[in-house]
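2 protein chains.
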Amino acid sequence: MRFMTTPDNASGTPETPAETAADAAPAPTGIAAQDWAQAATDPQYRAAVVDLLGALAYGELAAFERLAEDAKLAPTLLDKSELAKMASAEFHHFEQIRDRLTEIGADAAQAMEPFVAALDGFHKQTAPSDWLEGLVKAYVGDSIASDFYREVAARLDADTRQLVLAVLDDTGHASFAIEKVRAAIDAEPRVGGRLALWARRLMGEALSQSQRVVADRDALSMMLVGGVADGFDLAEVGRMFSRITEAHTKRMAALGLAA
Amino acid sequence: MRFMTTPDNASGTPETPAETAADAAPAPTGIAAQDWAQAATDPQYRAAVVDLLGALAYGELAAFERLAEDAKLAPTLLDKSELAKMASAEFHHFEQIRDRLTEIGADAAQAMEPFVAALDGFHKQTAPSDWLEGLVKAYVGDSIASDFYREVAARLDADTRQLVLAVLDDTGHASFAIEKVRAAIDAEPRVGGRLALWARRLMGEALSQSQRVVADRDALSMMLVGGVADGFDLAEVGRMFSRITEAHTKRMAALGLAA
Numbered sequence: 001m002r003f004m005t006t007p008d009n010a011s012g013t014p015e016t017p018a019e020t021a022a023d024a025a026p027a028p029t030g031i032a033a034q035d036w037a038q039a040a041t042d043p044q045y046r047a048a049v050v051d052l053l054g055a056l057a058y059g060e061l062a063a064f065e066r067l068a069e070d071a072k073l074a075p076t077l078l079d080k081s082e083l084a085k086m087a088s089a090e091f092h093h094f095e096q097i098r099d100r101l102t103e104i105g106a107d108a109a110q111a112m113e114p115f116v117a118a119l120d121g122f123h124k125q126t127a128p129s130d131w132l133e134g135l136v137k138a139y140v141g142d143s144i145a146s147d148f149y150r151e152v153a154a155r156l157d158a159d160t161r162q163l164v165l166a167v168l169d170d171t172g173h174a175s176f177a178i179e180k181v182r183a184a185i186d187a188e189p190r191v192g193g194r195l196a197l198w199a200r201r202l203m204g205e206a207l208s209q210s211q212r213v214v215a216d217r218d219a220l221s222m223m224l225v226g227g228v229a230d231g232f233d234l235a236e237v238g239r240m241f242s243r244i245t246e247a248h249t250k251r252m253a254a255l256g257l258a259a
Numbered sequence: 001m002r003f004m005t006t007p008d009n010a011s012g013t014p015e016t017p018a019e020t021a022a023d024a025a026p027a028p029t030g031i032a033a034q035d036w037a038q039a040a041t042d043p044q045y046r047a048a049v050v051d052l053l054g055a056l057a058y059g060e061l062a063a064f065e066r067l068a069e070d071a072k073l074a075p076t077l078l079d080k081s082e083l084a085k086m087a088s089a090e091f092h093h094f095e096q097i098r099d100r101l102t103e104i105g106a107d108a109a110q111a112m113e114p115f116v117a118a119l120d121g122f123h124k125q126t127a128p129s130d131w132l133e134g135l136v137k138a139y140v141g142d143s144i145a146s147d148f149y150r151e152v153a154a155r156l157d158a159d160t161r162q163l164v165l166a167v168l169d170d171t172g173h174a175s176f177a178i179e180k181v182r183a184a185i186d187a188e189p190r191v192g193g194r195l196a197l198w199a200r201r202l203m204g205e206a207l208s209q210s211q212r213v214v215a216d217r218d219a220l221s222m223m224l225v226g227g228v229a230d231g232f233d234l235a236e237v238g239r240m241f242s243r244i245t246e247a248h249t250k251r252m253a254a255l256g257l258a259a
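Residue numbers (the working numbering), protein chains in the order written: chain A, 1 to 259; chain B, 1 to 259.
For the record, the hints were derived by calculation from the structure and aren't laboratory data. Treat the hints with care, as some may be off.
[To be verified] Here are the computed lysine-lysine pairs in the BS3-like style, where the Cα-Cα straight-line distance is at most 27 Å: (1) A:Lys72 to A:Lys124; (2) B:Lys85 to B:Lys72; (3) A:Lys180 to A:Lys85; (4) A:Lys72 to B:Lys124; (5) A:Lys180 to B:Lys180; (6) B:Lys72 to A:Lys72; (7) B:Lys124 to A:Lys124; (8) B:Lys85 to A:Lys85; (9) B:Lys124 to B:Lys180; (10) A:Lys72 to A:Lys85; (11) B:Lys72 to A:Lys124; (12) A:Lys124 to A:Lys85; (13) A:Lys124 to A:Lys180; (14) A:Lys180 to A:Lys72; (15) B:Lys72 to A:Lys85; (16) B:Lys124 to A:Lys85; (17) B:Lys180 to B:Lys72; (18) A:Lys124 to B:Lys85; (19) B:Lys124 to B:Lys72; (20) B:Lys124 to B:Lys85; (21) B:Lys180 to B:Lys85.
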């Protein structure tokens with residue numbers, strides 16, 4: 001296993017597809033061998049999972065709301081329906097995660113609350129000004145969510161992991177966005193420069209809001225850095241962000257958006 | 001069978017539940033005994049069904065968009081998720097109807113286009129100014145849609161009817177809205193007066209936009225009045241609107257919103 005800690009120099013030099021963020025994720029930790037009933041006996045782990053599910057749930061609900069909003073920018077009815085389809089898929093993810101929160105005895109609204117400011121802040125700072133920006137945002141958001149779910153799955157007990165992987169499995173509705181963006185750049189190459197800056201801004205906002213969350217939520221952060229079960233490793237959270245950033249940069253390059 | 005052509009005098013005198021818009025709908029006509037392949041050999045019937053499905057498809061897509069928008073008015077995250085759930089259900093109705101249009105060889109976007117102005121006009125004229133207005137609109141919209149689907153089902157060939165009934169069967173996500181509205185009126189009775197006026201305005205706009213559609217779309221209108229298969233009956237479309245209005249008035253009265 002190899003950690004990619006230098007995302008910047010990877011954008012111009014695509015490597016083999018095997019070396020993606022997913023494959024570079026750390027091997028399952030001790031907690032991964034446990035089920036929820038076992039793992040939840042540790043109150044700190046339990047709090048971390050409630051935090052994680054709260055963040056994911058509100059992330060999905062906010063994504064629903066924003067995709068539905070951005071669908072208004074669509075130039076045709078069928079384009080609109082494609083974004084509406086993604087929005088609807090996000091809503092169903094929200095439902096799954098909310099139901100799981102209820103199942104483990106947590107109050108879903110209360111679990112989501114700590115993440116409202118950061119996620120609303122992200123969306124407020126990144127309201128697309130046109131349809132192409134909306135498409136790039138849909139694609140980038142979908143991809144970062146996939147990467148994050150995949151990263152975090154390895155750190156979870158078997159039951160929670162199963163939920164996260166189920167949601168992940170239903171992600172990837174954004175492929176239509178790639179084609180549209182590619183076609184727009186082919187038709188007018190200077191559009192690429194503008195969208196490259198936009199994609200960079202999206203990632204910058206996502207990272208800055210994530211860091212805000214990490215700073216605020218101790219239990220969640222410790223789990224993300226592998227702290228709860230396996231001893232602290234603060235450098236690991238940085239590496240996780242790096243892997244996600246690098247995967248993003250590669251995807252943008254593949255799309256013709258070298259940042 | 002009895003036609004209720006005087007909706008106004010029914011609001012204060014609830015009748016037996018059996019006498020709803022659904023039961024007062026006309027008996028299936030000759031076309032109801034045919035399947036799509038048979039019925040569609042009549043080009044006027046085929047055009048009418050494409051129109052109908054186009055109107056329903058865009059109606060669902062526009063409802064999705066507006067419910068997602070109105071979800072922003074929700075006072076709590078769980079209230080927001082309830083409206084998002086309705087929005088998502090409308091999107092799935094849209095998908096079913098769009099797929100059917102494709103299946104019968106029609107261009108879905110083209111079929112929807114003639115109804116965009118009327119439906120967008122309706123939503124533009126009826127943007128709720130607060131959460132309670134949003135809830136009343138969700139409930140009224142859902143109910144009117146149910147009534148209309150049920151009315152129109154009787155006029156369709158077996159295959160199209162099956163689709164319309166399947167969508168109808170999945171309608172009725174608005175019951176949460178009733179409880180919330182009732183509780184708000186109990187807590188502050190004068191809210192009822194404002195919401196009663198609001199519900200009246202919703203129905204007025206719905207009717208005026210429907211009449212615009214009926215005036216524009218000959219084939220659709222003729223089917224709605226039973227014209228295609230069974231000879232013209234222009235009075236029947238008026239009676240259909242009356243039945244739907246009456247059912248609406250009764251529902252509002254039951255909700256404590258005597259208009």
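Open item on the list: Lys72 (chain A) and Lys124 (chain A) were given as a pair; does the straight-line alpha-carbon distance stay at or below 27 Å?
Closed with: 16 Å, holds
TODO: Verify the proposed pairing of Lys180 (chain A) with Lys72 (chain A), using a straight-line Cα cut of 27 Å.
DONE: 16 Å, holds
TODO: Measure nothing beyond the straight line between the CA atoms of Lys85 (chain B) and Lys85 (chain A); if it is 27 Å or shorter, mark the hint as holding.
DONE: With a Cα-Cα distance of about 13 Å, the restraint between Lys85 (chain B) and Lys85 (chain A) holds, given a limit of 27 Å.
Open item on the list: Can you confirm whether the C-alpha distance between Lys180 (chain A) and Lys85 (chain A) stays at or below 27 Å?
Closed with: 16 Å, holds
Task: Holds or violated: Lys85 (chain B) to Lys72 (chain B), with C-alpha atoms at most 27 Å apart - done: 13 Å, holds
Open item on the list: With the threshold set at 27 Å, check whether the alpha-carbon distance from Lys72 (chain B) to Lys85 (chain A) stays at or below it.
Closed with: Within the cut-off at roughly 19 Å; holds.
TODO: For the pair we were handed, Lys124 (chain B) and Lys85 (chain B), check the Cα-Cα distance against 27 Å.
DONE: Between Lys124 (chain B) and Lys85 (chain B) the Cα gap is close to 22 Å, so the pair holds against 27 Å.
Task: Pair hint Lys72 (chain A) and Lys85 (chain A), alpha-carbon separation not exceeding 27 Å - done: 13 Å, holds
Task: Satisfaction of hint between Lys180 (chain A) and Lys124 (chain A), Cα-Cα up to 27 Å - done: Distance ~24 Å between Lys124 (chain A) and Lys180 (chain A) Cα, so the pair holds.
Open item on the list: Tell me if the straight-line CA distance from Lys72 (chain A) to Lys124 (chain B) falls inside 27 Å.
Closed with: 13 Å, holds
TODO: With a cut-off of 27 Å on the C-alpha distance, tell me whether Lys180 (chain B) and Lys85 (chain B) pass.
DONE: 16 Å, holds
Task: Restraint status (C-alpha distance of Lys72 (chain B) to Lys124 (chain A) at most 27 Å) - done: Between Lys72 (chain B) and Lys124 (chain A) the Cα gap is close to 13 Å, so the pair holds against 27 Å.
Taken one by one, the earlier hints fail for this structure only at number 5.
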